[in-house]
Amino acid sequence: MSPTPLLRIEDLRTYFYSRAKQAFIRSVDGVDLEIARGETLGIVGESGSGKSVTMHSTLGLITATPGVISGRVVFHDEAPRDLLAGLDACTRLERRDGRIMSVEKDNRAWQKQVERNLAGVRGGKIAMIFQNPKAAMNPYETIGAQISEAVRLHTAFKDPAAARERALHWLEAVRIDSPRLRYDNYPYGLSGGMCQRAMVAMALAAEPRMLIADEPTTGLDATIQARIVELLEELKTRFGMTLVLISHDIGVIARLSDRIAVMYGGQVLESGPAAMLLEQSEQGHPYTHALLASMPRAKNVKDGGRLPAIEGEVLDTINVPRGCRFRERCQRIHDGIRARCAEQEPELVEVTPGRRVRCWLYQA
Amino acid sequence: MLNLNAWKPVTAVLLRELAVTLALLFGVSLVIFLILYAAPGDPFAALLGGRMLSDSERAAAYEALGISQSWYGQYLSWLGKLLVGDFGVSMRSGQPVTQEIMASGGRTLFLTLGSLVVTLAVAVPIGVYAALQPGGRRAWALTMVAYLISALPTFWIGYLVIYLFTSQFGMLPILSGVGEPQPYEWLYVLLPVLVLGLGNGAFAEVVRYVREETGRVLGEEYVRTARAKGAAAWRHVYKEGLLLPVAEIIASKMPFVLGGAIIVEQVFNWPGMGRLAWQAAQDRDFPVILAITLIAAVVVRLGSLLHRMVYVAVNPRASHE
Amino acid sequence: MASPILEVKGLSKHFAQRRGLLGLLSGNAGGTIPAVDGVSFALAEHETLGLVGESGCGKTTTGKAILKLMPVTAGEIRYRGQDITSLSPGEFRPLRREIQMIFQDLDAALNPKMRIESILREAIGLCEPELDADGLRRRTYELLELVNLKKNKLANFPSELSGGEKRRIGIARVLAVRPKLIVADEPTSALDVSIQAQVINLLRDLQGQFGLSYLFISHDLPLVELVSHRVAVMYLGQIVELGSAPRIAHAPHHPYTSVLWSSLAEKRSREAFPGAAPAWGVFDFERPSGGCRFAPRCPVYAARGKPAECTDPHNTPRLREIEPGHAVACHFPL
Amino acid sequence: MSHYHQPHDTVSEYSDIRSWRSAPLIDRVYVGYGLAVVVLVVLSYLLGMFGWLPSDPDDMDLANMLAGPLTEGHLFGTDYMGRDLQTRLILGIQAYFLPGLLSIVIALVLGAALGVLAGYRGGRSETAVTYVTNLVDALPRLVLMLLVIAAFKPGIYTIMVVLGLTSAPTVAMLVQGKILMLRQRNFIESAVALGISPARIILKHILWYNCRALLLIQATLGMAEAVLLETSLSYLGFGVQEPTPSWGNMVQAGANYLLQGNFWVSTAPALAILFTVLGFHLLGDGLNNMFEGKRQR
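Chains as they are written, first to last, in numbering that gives the first Met the number 0: chain A, 0 to 363; chain B, 0 to 320; chain C, 0 to 333; chain D, 0 to 296.
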């Protein structure tokens with residue numbers, strides 16, 4: 000097995016509850032992931048696949064209820080530490096034929112427990128940047144003040160002057176033009192690309208072990224996206240940064256990831272080395288292969304100018320079917336496995352070294 | 000901290016706010032004039048003569064002052080006198096209006112500001128608490144209490160409070176405002192403020208507004224980023240989630256509290272401008288009621304001026320809007 | 000070239016820059032932002048013309064101007080030979096049905112408080128008011144089949160639909176009035192990859208079935224290359240290059256088009272264009288004084304030592320045909 | 000411990016927007032109580048109008064004056080002149096009910112018109128409407144009423160017309176907000192592009208579909224305002240004069256007795272005010288949470 004991973008997520012479940020439909024929204028339904036030191040894990044998936052909720056759950060950013068209800072998140076910094084310690088004490092689950100149908104949770108106790116678990120880790124050891132930077136930065140503070148706040152919180156530079164210098168250092172590191180001028184700017188005074196760089200600087204200013212980037216390029220222009228991707232690539236090589244990149248843009252994921260995890264309907268359908276997943280996608284999960292084939296690229300067009308689209312709607316995680324979640328849209332079901340696909344949910348099984356797939360095609 | 004170095008553009012915004020206030024006060028004076036002009040018995044003439052004039056006397060008065068009968072002629076002459084601060088003479092007491100208002104204005108201002116502080120001091124914490132525990136049992140109960148309080152008829156509560164204090168503490172029931180000081184003098188001052196503070200009808204609205212604003216800001220993306228950064232959420236929430244709503248409440252609830260003051264002054268026999276207005280309405284004493292209405296409008300505009308100043312100080316973008 | 004269904008000549012749309020009260024007092028009523036500045040192109044029957052460019056280049060404004068959703072500062076729009084620029088709203092209404100628009104926002108076409116059935120019936124009623132109850136029902140089912148949606152969706156509210164379903168209802172609503180020309184403004188940018196492919200196939204099938212012409216507006220370059228017959232590249236309110244889709248994608252003549260295509264995330268931007276300008280992330284809206292607007296960011300301009308022609312206000316590069324069917328607005332085309 | 004339970008395996012795809020069934024308990028309690036108050040008030044109004052009263056409002060039962068509640072013959076007891084309180088409370092509704100409706104109609108019609116003018120046309124008309132709104136907000140309602148009273152010695156209907164006029168800007172602001180929300184999602188532009196006439200966009204799409212809940216809520220809050228205003232004015236001696244009953248002047252008349260320890264005379268009308276105003280406020284807030292989706296998860 001690879002050296003102990005920096006972060007390991009085991010059987011993570013995060014549910015929300017729709018009072019109108021009296022049903023659970025099973026956003027994250029049993030996710031297992033591992034991120035090794037210095038590695039970039041790309042988590043790709045369509046909307047509602049649970050990719051963002053998974054990483055938000057690890058950092059305790061879920062405020063809606065019931066939120067995180069089961070699982071372990073082990074962070075191997077100096078010593079292994081479970082970020083979800085004490086979860087079982089606050090929650091009681093009731094299952095009906097294998098599926099969670101009732102949850103009791105002491106939300107307030109769990110909230111306090113999360114803050115205790117993550118003290119010093121959230122923002123300090125694991126930092127995070129988000130989508131649409133202009134809304135994600137505090138509009139009432141200058142970007143300089145927000146960056147030096149991160150510096151003062153998590154590094155030795157406590158007094159304002161030193162923190163300011165440190166913040167300027169990071170502004171230069173993310174290639175913002177004229178950092179001393181930008182230091183006193185407000186988010187509304189910057190372009191989208193500039194604001195995203197400021198947020199990256201703010202995250203790095205805490206000198207974290209790991210950076211989680213949640214859709215960092217979404218909503219930006221093609222040319223600006225390319226610049227941000229270049230920046231992340233440069234930071235990876237220069238600081239040996241461990242990066243978790245969440246995106247629905249397969250192009251960005253392909254460009255930056257060492258390993259890729261494909262998520263759908265709240266579960267990981269496939270994970271493995273980036274090159275293997277992308278180039279030999281026909282040996283992988285049907286969903287990945289179909290997704291790559293349906294990308295609107297000239298090379299994907301078949302005869303008659305049509306794209307091989309995946310039929311049906313993206314799974315809405317309120318009505319989770321029995322058996323495999325991709326079953327209704329899968330084209331590669333044959334009679335040998337049709338019954339199992341319909342009835343039984345496949346496990347995430349190692350198909351070739353380093354590559355795990357959740358599909359009955361590959362299990363005896 | 001607040002961006003104090005943004006004072007250059009701030010003056011631009013405040014200038015604009017003053018211009019808006021002047022335009023509004025002009026509008027208010029026009030509305031008041033039209034009401035008086037349309038009133039039977041031509042109260043406007045009474046303004047000049049200090050008492051109701053017969054037709055012939057009125058024509059003579061106009062001639063004497065050399066203003067034409069047309070409405071805008073009268074309006075301009077009346078406005079001219081106003082700008083000079085001459086509100087005319089009270090038809091009831093014969094005293095110049097400005098003097099009567101000076102005497103009572105201070106007390107009403109104290110009552111209004113005091114009760115505004117009481118409303119905020121009680122309602123804002125309830126609102127914030129309800130925002131922090133959206134579904135909580137206690138939060139729901141507190142909001143329910145807020146609704147109950149603001150539905151209470153102010154005057155009834157006033158009498159109850161007076162009864163409570165006169166029978167239990169043996170105090171003279173009604174503050175006569177004159178004569179030797181009572182043993183609990185400060186209590187007389189506090190009671191009306193408390194009653195108006197809780198009973199001005201805007202209490203539930205303040206709780207609901209704070210609960211919604213604080214709740215909304217807690218869900219904003221930049222607060223989530225602040226928590227992801229490991230920073231205390233409150234450092235990033237207090238500006239938009241608390242400071243701005245409170246300023247907004249002061250500006251928007253000022254008229255309610257001023258209105259409520261009239262009732263409370265009546266119940267407690269509190270010799271303020273409210274009581275003066277009530278008396279003026281009884282005796283159709285136009286110079287007084289007119290002056291009080293104008294002053295009330297000015298006070299309300301001061302409230303929104305304060306709100307604009309806080310808004311500009313907190314929100315850097317405002318100065319460039 | 001089939002007879003053009005739409006001709007746009009010298010279309011301009013300038014937005015007045017809102018000056019605050021003080022600005023008005025101090026005399027200068029404020030400059031104007033030329034969002035669209037002298038755009039000309041033609042669209043043939045059954046053709047898809049791609050209009051591509053970064054956000055803020057004026058592509059959406061051009062689309063909305065064609066539908067007369069906003070007054071035009073200058074220029075002429077001819078639909079099937081008829082000049083519609085100066086028509087009054089009343090005169091334009093019968094024609095409005097034939098020129099429709101699909102908006103980027105998935106919720107644009109859907110009244111949040113109306114059920115899907117009444118949304119479609121209203122659209123049908125605009126074009127065929129004489130239909131009785133079951134005529135309407137049949138037409139509604141016909142439209143749902145066209146966009147392959149199940150009948151049980153009719154009872155739902157827009158908030159209960161997925162992104163893909165909202166877009167398909169939007170398309171069905173537009174089809175209800177039997178249009179000839181559709182301006183599609185970023186129809187798939189808010190959708191997931193697998194749903195994008197479905198909607199693109201749908202639009203292609205509808206073009207085949209009803210002979211529709213599309214003006215396809217997008218910032219997604221590979222997508223535009225895929226769906227369009229011809230592509231026009233816009234930069235700061237002007238068309239800088241216009242030609243067949245494959246040639247624009249793989250053999251562009253204007254430096255901006257080449258930089259735009261090379262910046263695709265999948266490709267390594269450095270080796271595609273060695274001379275790529277350094278990190279000029281800042282996208283400056285203020286216009287350079289004159290001449291070519293792309294000069295400040297143009298690698299060719301830099302590589303050639305900042306030649307004077309490029310920034311000479313009297314020699315602004317015009318869109319001129321350098322090959323049959325391929326025009327470019329640059330003094331030094333690649 | 001919070002409890003979340005999913006009874007069935009699959010969830011129906013059909014519309015779940017039957018909001019009152021799925022609304023949280025709190026809102027249903029609010030709306031339930033509010034509706035009960037509305038029904039009671041309307042019934043009492045009709046009783047009063049048709050004269051079917053428990054007893055004659057002016058008949059003085061000198062035997063048991065200042066009787067507490069539940070004395071025989073007088074369900075709610077009697078006032079200081081022995082008159083039956085229950086009858087007078089029912090008649091008290093006459094003082095504000097119809098005038099209140101008048102003020103609501105004015106506020107809604109004028110408010111919606113101004114709101115559409117400001118929201119749909121925008122530009123100069125928007126600044127004009129905002130100016131009027133600020134103008135009305137600058138004048139405290141009760142102070143303005145005193146001015147109107149000094150000028151015209153008006154009846155309750157004129158007062159309620161002024162209340163309607165001064166409430167219209169609030170409604171206008173809310174309607175304008177709705178139009179802004181629709182404009183931001185490009186709904187209005189896409190309706191114009193489809194070929195829907197402006198009149199139908201305004202009347203059907205904006206007002207009927209998107210503003211009816213909002214207008215209903217403003218109506219309930221408007222009635223609460225009317226009750227508070229009428230009772231306050233009659234307390235100050237400007238509304239309905241003795242012996243015609245109004246909850247306001249009943250509290251005023253009972254005040255001296257209250258100060259001597261006899262609570263009920265003044266408390267009964269005060270409680271009537273309290274529960275009626277509370278009812279309308281809760282109804283408004285409950286409907287608002289249900290339809291405007293504040294708590295919709």
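Just so you know, the hints here were simulated from the structure itself, not pulled from any lab data.
Incorrect hints may have been included.
[What the hints assert, rightly or not] Residues from chain B that face chain A, not an exhaustive set, calculated with beta carbons under 10 Å:
hint, residue
1, Pro-39
2, Gly-218
3, Ala-225
4, Ala-227
5, Arg-316
[To be verified] Under the rule of at most 30 Å between Cα atoms (straight-line distance), these lysine-lysine pairs were calculated in the BS3-like manner:
hint, chain 1, residue 1, chain 2, residue 2
6, A, Lys-20, C, Lys-63
7, A, Lys-301, A, Lys-235
8, A, Lys-133, C, Lys-152
9, D, Lys-203, C, Lys-152
10, C, Lys-179, D, Lys-177
11, C, Lys-63, C, Lys-179
12, C, Lys-67, A, Lys-20
13, D, Lys-203, C, Lys-67
14, C, Lys-152, D, Lys-177
15, D, Lys-177, A, Lys-20
It should be emphasised that the depicted structure is a prediction, and the values quoted were computed from it without experimental measurement.
A virtual CB, placed ideally from N, CA and C, is assigned to each residue, including glycine.
Each hint tested on the structure:
1. Pro-39: With a minimum Cβ separation of about 55 Å from chain A (threshold 10 Å), the hint on Pro-39/B is violated.
2. Gly-218: holds, 7 Å
3. Ala-225: Cβ of Ala-225/B sits 7 Å from chain A, so the hint holds.
4. Ala-227: holds, 4 Å
5. Arg-316: Where the cut-off is 10 Å and the nearest Cβ of chain A is about 5 Å from Arg-316/B, the hint holds.
6. Lys-20/A <-> Lys-63/C: Status violated; Cα separation ~40 Å.
7. Lys-301/A <-> Lys-235/A: violated, 38 Å
8. Lys-133/A <-> Lys-152/C: With Cα atoms ~36 Å apart, Lys-133/A and Lys-152/C exceed 30 Å; violated.
9. Lys-203/D <-> Lys-152/C: holds, 22 Å
10. Lys-179/C <-> Lys-177/D: violated, 33 Å
11. Lys-63/C <-> Lys-179/C: Holds, at about 16 Å.
12. Lys-67/C <-> Lys-20/A: violated, 43 Å
13. Lys-203/D <-> Lys-67/C: Given pair Lys-203/D, Lys-67/C holds - Cα atoms ~23 Å apart, limit 30 Å.
14. Lys-152/C <-> Lys-177/D: holds, 26 Å
15. Lys-177/D <-> Lys-20/A: holds, 27 Å
Hint check: violations occur at hints 1, 6, 7, 8, 10, 12; the rest are consistent with the structure.
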